[in-house]
Amino acid sequence: AQRVTQPEKLLSVFKGAPVELKCNYSYSGSPELFWYVQYSRQRLQLLLRHISRESIKGFTADLNKGETSFHLKKPFAQEEDSAMYYCALMRPGGGNKLTFGTGTQLKVEL
Amino acid sequence: DAGVIQSPRHEVTEMGQEVTLRCKPISGHDYLFWYRQTMMRGLELLIYFNNNVPIDDSGMPEDRFSAKMPNASFSTLKIQPSEPRDSAVYFCASSLVIGELFFGEGSRLTVL
Chain A
17 AQRVTQPEKL
27 LSVFKGAPVE
37 LKCNYSYSGS
47 PELFWYVQYS
57 RQRLQLLLRH
67 ISRESIKGFT
77 ADLNKGETSF
87 HLKKPFAQEE
97 DSAMYYCALM
107 RPGGGNKLTF
117 GTGTQLKVEL
Chain B
7 DAGVIQSPRH
17 EVTEMGQEVT
27 LRCKPISGHD
37 YLFWYRQTMM
47 RGLELLIYFN
57 NNVPIDDSGM
67 PEDRFSAKMP
77 NASFSTLKIQ
87 PSEPRDSAVY
97 FCASSLVIGE
107 LFFGEGSRLT
117 VL
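Chains as they are written, first to last, in our numbering: chain A, 17 to 126; chain B, 7 to 118.
Any given hint could be a false lead.
[As the list claims (entries may be wrong)] Just a sample of chain A residues kept apart from chain B, beta carbon distances all over 12 Å, derived: (1) S28; (2) V29; (3) K38; (4) N40; (5) S46; (6) F75; (7) T76; (8) G82; (9) T84; (10) H87; (11) D97; (12) L126.
[Claimed, not checked] Cross-link-like lysine to aspartate or glutamate pairs, in silico, DMTMM-like; alpha carbons within 20 Å at most: (13) A:K113 to B:D63; (14) A:K25 to B:E50; (15) A:K25 to A:E70; (16) A:K73 to B:E106.
In case anyone wonders, no lab produced these hints; they're calculated from the structure.
Note that this is a predicted model, so its numbers are computed, not measured.
Quick reminder that beta carbons are idealized off the backbone N, C-alpha and C, glycines included.
With the hints as extra help, turn the sequences into a complete structure.
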């Protein structure tokens, strides 16, 4: 069975510092990976997906199949980036079923 | 569009009582999901539907949990009888594009 691991429950950085939210997965094939974000008092929403290869709100994530990782990165953290971030995996042919990690709370301090 | 609508937002009940959570998906979305969120386990998929048909209910904890989708605009998640360990936030989400889920605001359930 597939599994998504986010090792940090809480990550605290200063404004302007680089951010890296870690995500590792266990799956033998070629999954699709996602990052979802929940800002305070807002709904959980899709931030980015690896196949789109986009930068959203300055965030990027690269799928590393060798290390089975999909870390979320941003070079300069902003206060508005403070939120809960979830990594998610969908296996090929798995319908529309997403398996989520346990989430990392990012706190950007001034 | 108001997005995915869930009710109630908060529910406090006593052990043994029946709990019914409701969800109205975004119009036109053909997938509907029920997730449970706890501090320990994060977001767990309970069940999902495609075109009102349950596709995967492997995440439903036990027979006390049941979910229905009688039509494209309404779904329920029922817990009977409820137990304190069922206390969690229950999210409903809907989807049209594979992988892009739109979540409701959640229903926070407390079972005393």
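Evaluated hints:
With 12 Å as the threshold on Cβ separation, the claim that S28 (chain A) sits away from chain B holds: the shortest Cβ distance comes to roughly 18 Å. Against chain B, the non-interface label of V29 (chain A) holds: every CB pair exceeds 12 Å, the least being about 22 Å. Non-interface call for K38 (chain A) relative to chain B: holds, since the shortest CB-CB distance, roughly 15 Å, exceeds 12 Å. Separation of N40 (chain A) from chain B is adequate, the least Cβ-Cβ distance of about 14 Å exceeding the 12 Å criterion.
Residue placement check: S46 (chain A) keeps its beta carbon more than 12 Å from all beta carbons of chain B (closest about 14 Å). The Cβ of F75 (chain A) sits about 17 Å from the closest Cβ of chain B, beyond the 12 Å cut-off, so the non-interface label holds. Listed as a non-interface residue, T76 (chain A) keeps its Cβ farther than 12 Å from every Cβ of chain B; the least gap is roughly 18 Å. For G82 (chain A), the non-interface assignment is confirmed: its Cβ lies about 23 Å from the closest Cβ of chain B, beyond the 12 Å cut-off.
With a minimum CB-CB distance of about 19 Å to chain B, T84 (chain A) clears the 12 Å threshold, and the non-interface call stands. At the 12 Å boundary, the C-beta of H87 (chain A) stays outside the reach of chain B, the nearest C-beta of that chain being 18 Å off. Against the 12 Å criterion, D97 (chain A) stays outside the reach of chain B, whose nearest CB is about 19 Å from its own CB. At roughly 27 Å from the closest C-beta of chain B, the C-beta of L126 (chain A) stays outside 12 Å, upholding its exclusion from the interface.
Taken as a hint, the K113 (chain A) and D63 (chain B) pair is honoured in the structure, with Cα atoms around 11 Å apart against an allowance of 20 Å. For the hint linking K25 (chain A) to E50 (chain B), the alpha-carbon distance of about 17 Å falls within 20 Å, and the restraint holds. For the given pair, K25 (chain A) sits about 25 Å from E70 (chain A) by alpha-carbon distance, which is inconsistent with the 20 Å threshold. Our distance criterion of 20 Å between C-alpha atoms is met by K73 (chain A) and E106 (chain B), whose separation comes to about 17 Å.
The structure is inconsistent with hint 15 alone, although it conforms to all the rest.
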